[in-house]
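For chain Y, the structure is supplied; the task is to place chain V with the ligands on it using the hints.
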Amino acid sequence: MAKINPYQPYQVELLKVTEESPSIKTFTMAAPPNFHFLAGQFVEIAVPGKGEAPFTPSSSPYETNYLEVSVAKVGATTEALHSLQPGAILGLRGPFGKDYPLEKFTGKDILLVGGGVGLAPLRSLFLSLVHELHLFNKIRFCCGSRTPDDFIYKEHVFDHWPKIDPKVCLRVTVDRCDDGCWKGPIGVVTKTLDNLDLEIKNSVAVVCGPPIMMKFTTFKLLELGYRPENIYLSMERMMVCGLGHCQHCGLGKHLVCKDGPVFTYQEIKDEPEIWA
Amino acid sequence: MAYHKVKTEAWLDAIFRQAKEKAVYGLKRSGQGLVYQRLREKTDVVLFETRPTEPIKLFFYFPSELTATLPEEPFREEEKRVLLGVKACDLEALKTADFVYRFGDVVEPHYESRRNNTLLIGSDCTQPNPTCFCSLHGRSCYPQDYFDINLSPLNKEVMIETGSPRGEEFLAELNLSLSEVTEADLKLRDKNRREYMEKLKTINTPFEHQKPYSEIVRKSSEATAWKKYGQEMCVQCHACNLGCPTCYCFSFSDLPEKSGMKRYKNWDSCLAASFAQMSSGATPRHNRWERFRYHYYHKFDFLNTSLGFDACTGCGRCIEGCLGKIDKRQVLFDLEKEING
Ligand SMILES: Cc1cc2nc3c(=O)[nH]c(=O)nc-3n(C[C@H](O)[C@H](O)[C@H](O)COP(=O)(O)OP(=O)(O)OC[C@H]3O[C@@H](n4cnc5c(N)ncnc54)[C@H](O)[C@@H]3O)c2cc1C
Ligand code: SF4
Ligand code: SF4
Ligand code: FES
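The listed protein sequences derive, respectively, from chains Y and V.
Numbered according to my numbering, the first sequence spans residues 3 to 278.
Numbered according to my numbering, the second sequence spans residues 15 to 355.
In isolation and in its complexed conformation, chain Y is listed as follows (with noise of 0.2 Å):
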């Protein structure tokens, strides 16, 4: 039997760059053969001889002809990635980690909450919600972003997701807005928790973006009456492998990249340091 290395990228061609914003790009990869993800899973991109980082696909699980990641402009490897054309060839690891369990959110109200780029995996979480939207009650999708250029997606944000259906209900707020431009809210993005007109105690909240957003979004909600078990965290970390390996992913005594990305906060919630 051939040796399977983990290690190992497997080529695929960049099929698309849509500029989302000053620093966010989405890139449309096509997906190899047998390549599937679930929402919330992530994968490594290897820029060749510039570096790898992990992706949360942002596109929707059902798509099985390709992938699109939205990667924000951090350092050297996805600075690699925004230089880049279509055309180019990129080395693909994955799927790793936990999806979000949707099992568990059968039957009930949905809150997603999102911040810049921690929208990515929550679009692709979305996207799987909406195609068996029978199967859930109310989703309420709030995203925030620094400023209004900062909003990645707009076209969907703005027009096509409010309109998908009367149980989906979209709240955008922008942090600052200097030449105003903005006729929505202004406020971080715990401002829209308030009056959900969800029954909190059949809800689920899940939650993506910078370490502090993250954390107090978190507080917000268990203000709201969330329980620690109902409230979903996609965490950050250093990461190397993806798989298990490595230890750079350590959080506590789990691995973020095996036990998570998807933590509940009941899961975490006694570990050090979890906001870093």
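Where hints are given, some of them may not hold.
Said to hold, decoys possible - Derived pair list, reagent style DSSO-like, types lysine-lysine, alpha-carbon separation capped at 27 Å:
(1) V:109 / Y:260
(2) V:339 / V:215
(3) V:215 / Y:5
No lab work stands behind these hints: they were computed from the structure.
Structure of chain V with the ligands alone, referenced to chain Y:
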């Protein structure tokens, strides 16, 4: 599985015959300690004494190794090897690496191939180092499992204990005229072993502890000893990670090639500030003492939970190599004192 004995000279002759056909590594003296050398022509080889300076992991995952390429190249099995004189602590260390790389959800095929193609000939440790503390872990300085063959000294003979079918096969290949082991031989071996353990006890009297190390570490998150050792004394030389036979952390370094890339897997160290640092600069362990504590958490708490024993063998290499002159036994001793108030 079975016991035999043979004249030491005959054993060595047979090993050197093997060394002409395959890669056989034995111990030789170098500076203050022992190191492995590839045996070729007949030379002095140390069968017993103590563990080598270098950790066993050097044979199974390398400081830097090519681990993947783009485009992909076919996987190659590793060559067959024999390691002679592996001490109990290093056999124990392989249990940790096996847990991660071989028996986990995802197998590391290079490691697995090296393990599968390496015959392990253990031997009793007759002269523990001043930094050895396997005994404080409740372990012995003579191998009790995880070997293919183990050797114990008996005057001018060696006692051969086979521990696996592979070991039996190898022994048969050596074509030795083996003798039966007598009651008296076993008694002598056990008496010798008690003596080695006595030496260890003397070395470690100042560091004796009551609670298991795992319990001590689990209860001491707030102890001041972490700051004393981890902040004031640790100079972050990484010797305690790089020299440790159970440490297995790594990073990738991808280098560009004409039409693709070469990916190297390099040892890394959790003592390094960059180890857990994210691109934003945020890190869960900002202070050196937090990273120092994490090294203990990982070995004595997290891995203990998974393995059922500490991922520290007591080989003492971290003590020997520490540029900050930190003695792990003393740290653990001080932690216990603190939690006992
Ligand atoms: C589960 C998970 C999901 C994520 N999802 C997203 C997402 O959807 N979108 C998003 O924008 N961000 C996401 N992130 C964050 C993203 O992974 C980081 O922003 C990214 O790793 C930054 O990489 P960088 O190389 O640009 O930054 P740097 O700070 O330059 O490098 C960070 C790390 O990249 C690796 N690296 C750099 N150079 C090399 C090299 N030559 N060879 C090998 N490795 C190298 C190293 O491990 C290095 O330490 C996610 C993170 C996690 C853990
Ligand atoms: S921590 Fe020190 S004593 Fe324990 S196995 Fe590693 S090097 Fe040996
Ligand atoms: S060997 Fe000693 S000085 Fe070096 S990193 Fe480890 S504890 Fe610190
Ligand atoms: S990223 Fe390597 S163990 Fe999690």
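Now for the hints, and whether the structure bears them out:
The hinted pair formed by residue 109 (chain V) and residue 260 (chain Y) meets the criterion: a straight-line CA distance of about 21 Å does not exceed 27 Å. A hinted pair counts as satisfied when its Cα atoms are at most 27 Å apart, and residue 339 (chain V) with residue 215 (chain V) qualifies at roughly 22 Å. This hinted pair does not check out: residue 215 (chain V) and residue 5 (chain Y) have alpha carbons roughly 46 Å apart, beyond 27 Å.
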